[in-house]
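Participant: Each chain, written out:
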Amino acid sequence: MRFLFKTNYEDDIRLFPHSGYVYSYGLLLAVLLIAPYVLSSYLMSQLVFVCIYATVGVGLLILTGFTGQASLGHAAFLAIGAYTAAYLQQFNVPFPIYFLAAGLLTGVVGALVGFPALRLQGIYLVIATISFAFIVEEILARWESVTHGNEGMRVKAIQLFGTTMSRDGPTFYYLCLAVLVLTIVGTLNLLRSPTGRAFVAIRDSETAARSMGINVALYKVKSFAISAAITGFAGVLFAHKLSFISPEMFTLQLSIEFIIVILIGGTFSLHGAVLGAIFLVMIDPFLTYLKDDMPGVIAGIAATLGAGTERAGHIQDAVAAFASANGLKGAIYGVIIVVFVLFEPLGLYGRWLKIKLFFQLFPLYKRATFKRQKIYVKSERNR
Amino acid sequence: MLDFVQQLVSGIALGCVYGLIALGFVLVYKATEVVNFAQGDLMMLGGFFAFTFIGMLGLNYWVGFAGAVICMALFGMLAERVVVRPILGYPQFSIIMATIGLGYFLRSISGMIWGTDDFKIETPFSQGVLRIGSLVLAYDKLSVIAATIILCALLYLFFNRTTLGTAMRASSENMLAAYYMGIPVKRVVSIVWAISAAVATCAGVLLAPITFIHSNVGLVLGLKAFPAAVLGGFGSIPGAVVGGVLIGVIESMAGFYLPQGWKDVAPYIVLLAVLLLKPEGLFGLHVRKKV
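Top line first, the protein sequences correspond to chains C and F. So for the first sequence, the UniProt record's numbering puts the first residue at 1; every next one is plus one. So for the second sequence, the UniProt record's numbering puts the first residue at 1; every next one is plus one.
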């Protein structure tokens with residue numbers, strides 16, 4: 001194992017704590033860069049979705065994970081980004097301009113949502129963001145001169161430098177990857193700046209942050225704006241990937257999916273957003289596998305364990321019926337959320353840290369290292 | 001004028017359903033400071049239980065109703081034991097997420113068990129109307145209003161007049177102190193969940209003749225009940241019902257007098273306005289922390 005001796009402040013806030021990180025992330029980036037030439041087109045499409053979800057996840061992490069402001073309205077920000085792109089595209093606005101415009105507009109809307117949110121805490125903030133999302137959804141459905149209402153809007157492929165970027169091609173994937181990497185690096189830099197430290201201070205204790213001289217209101221609004229802007233950028237990519245957007249895509253369900261991304265990944269580190277996005281996007285292929293191959297596999301196992309062919313066939317039918325049941329995906333989502341909240345509150349990245357620590361301290365590992373502190377509930381009404 | 005009264009009454013009836021669901025939020029919040037996002041889905045599940053007993057097994061309406069309430073009370077305890085108790089005392093966000101997960105699960109499972117069709121329960125009230133002059137009031141709507149008033153009164157008395165109710169209020173103020181004073185906090189919490197699931201079931205069964213039961217009804221109505229609970233001030237039983245009625249009336253009026261589209265948004269606009277102007281709600285306590 002490697003010990004890091006920090007002798008000055010710069011050591012503490014470096015992007016890469018030691019050279020090992022540079023090599024491993026470099027390797028990961030190299031693998032991602034050659035991925036389009038190796039993977040099937042279906043997996044590439046999934047990888048693009050991973051990039052988009054991870055970008056939104058990073059945006060949500062800034063707000064929920066680092067500033068401590070829960071939001072169930074990020075689907076609305078995604079929608080605003082996507083619709084801005086689709087609307088501006090009709091007037092032949094070049095891609096870089098409407099990309100930036102979408103981010104800017106979403107950021108402004110985010111700041112506007114942030115102002116009312118200043119007075120709200122905990123559950124009230126969650127409810128307020130939900131209602132914001134509902135109102136946006138309804139506006140998208142009703143403002144037909146701009147959004148074409150429930151008919152939805154077509155989104156053309158990106159035109160950049162005179163070439164057309166197909167939504168399934170490797171160039172589009174590189175664009176999404178670039179946006180993700182830039183967002184992550186930008187967020188890392190933000191988090192080591194005074195602004196980022198103020199965010200974390202507000203999350204840990206608003207009162208303490210205020211008494212340290214942090215302008216809590218300003219930083220909360222900033223956090224909302226930055227988070228929304230990142231989600232808006234992701235929204236543009238989302239619109240291009242789907243090539244068709246309509247209001248019913250941006251529902252509460254989608255907001256919950258974004259929360260699931262950071263919940264499963266882990267809300268205390270940017271790794272969490274990426275891991276959570278991979279996990280969430282891979283549920284679909286997993287379900288397909290469950291439907292197509294799993295019944296055969298289980299029947300095969302049953303047959304080798306001594307069940308007759310007839311019983312194996314019955315088992316296969318039963319498993320197939322279960323796997324193709326309507327709503328299995330929702331049930332799996334529900335179970336995953338509950339299981340992660342109950343048993344793995346630090347998420348997948350937390351699990352990785354635990355495994356790493358176990359091997360680093362091998363004979364001396366203490367099980368309580370990551371134990372959560374239980375606080376007894378005192379009424380928040382008196383706060 | 002007649003239209004107005006007609007809209008008012010149907011708004012009140014709808015609002016009472018919101019109020020009943022909001023009552024479930026408030027009960028759980030009052031006792032544990034937890035907001036149960038699965039409340040609407042508990043209501044839906046209660047409706048399906050009642051449908052199974054009455055529609056499929058052919059039991060008497062009242063027997064089926066009671067059976068559904070008892071089953072759901074037990075289910076509420078089970079849900080509390082499995083999902084909520086392990087994380088009681090952790091940040092609110094974890095508990096919100098856990099109950100959202102529970103809601104997802106219930107919705108999908110009931111879709112898998114009962115299918116995705118609409119179901120209808122035959123009730124003694126579903127036939128017949130009350131005529132006052134030229135005003136026509138359906139009995140099923142009146143039954144909802146009456147049941148809400150009765151339930152609200154019972155719960156109010158329960159919280160303010162019984163030992164168990166006092167214990168619940170105490171454990172909501174400060175769990176540790178309540179525990180030291182000899183209140184069995186865990187049992188109190190599980191009873192609260194049982195009561196709140198039972199109230200949700202009442203809402204589900206009463207609702208069955210008005211909007212049919214299907215697996216998504218809980219999500220739709222549960223989210224409408226949030227404005228109701230916030231409007232009345234989270235944590236106030238009369239507030240929940242008054243808030244529910246107000247939301248119901250607003251929705252019904254907006255549907256009648258405003259252009260299409262306002263009906264669904266109006267409750268949320270009101271909610272945002274209330275959160276901005278008076279976050280503690282109409283009946284909420286406004287207590288400042290003394291340092």
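No lab work stands behind these hints: they were computed from the structure. As the structure is a computational prediction, the values presented were derived from the model and not from experiment. Where a beta carbon is used, it is the ideal one built from N, C-alpha and C, also for glycine. Where hints are given, some of them may not hold.
Pairwise CB distance ranges, derived in the manner of DEER restraints [said to hold, decoys possible]:
| # | chain 1 | residue 1 | chain 2 | residue 2 | range |
| --- | --- | --- | --- | --- | --- |
| 1 | F | Leu-258 | C | Leu-182 | 42 to 52 Å |
| 2 | F | Tyr-180 | C | Thr-207 | 19 to 29 Å |
| 3 | C | Val-181 | F | Val-82 | 38 to 48 Å |
| 4 | C | Arg-154 | F | Asp-118 | 50 to 60 Å |
| 5 | F | Asp-117 | C | Lys-366 | 52 to 62 Å |
| 6 | F | Leu-258 | C | Ser-166 | 52 to 62 Å |
| 7 | C | Val-181 | F | Leu-154 | 51 to 61 Å |
Participant: Compare the structure with each hint and give your call.
Facilitator: Here's how the hints hold up against the structure:
Restraint check, F:Leu-258 to C:Leu-182: a C-beta distance of roughly 44 Å satisfies the suggested window 42 to 52 Å. A C-beta distance of roughly 26 Å is found between F:Tyr-180 and C:Thr-207, which places it inside the suggested range of 19 to 29 Å. Range check, C:Val-181 to F:Val-82: about 41 Å between beta-carbon atoms, so the 38 to 48 Å window is met. With their beta carbons about 34 Å apart, C:Arg-154 and F:Asp-118 fall outside the hinted range of 50 to 60 Å.
The hinted window of 52 to 62 Å between F:Asp-117 and C:Lys-366 holds, with their beta carbons roughly 54 Å apart. Taking the beta carbon of each, F:Leu-258 and C:Ser-166 are about 44 Å apart, not inside 52 to 62 Å as hinted. Distance hint check: the CB atoms of C:Val-181 and F:Leu-154 are about 60 Å apart, consistent with the given range 51 to 61 Å.
Checked against the numbered hints listed earlier, the structure breaks hints 4 and 6; every other hint is satisfied.
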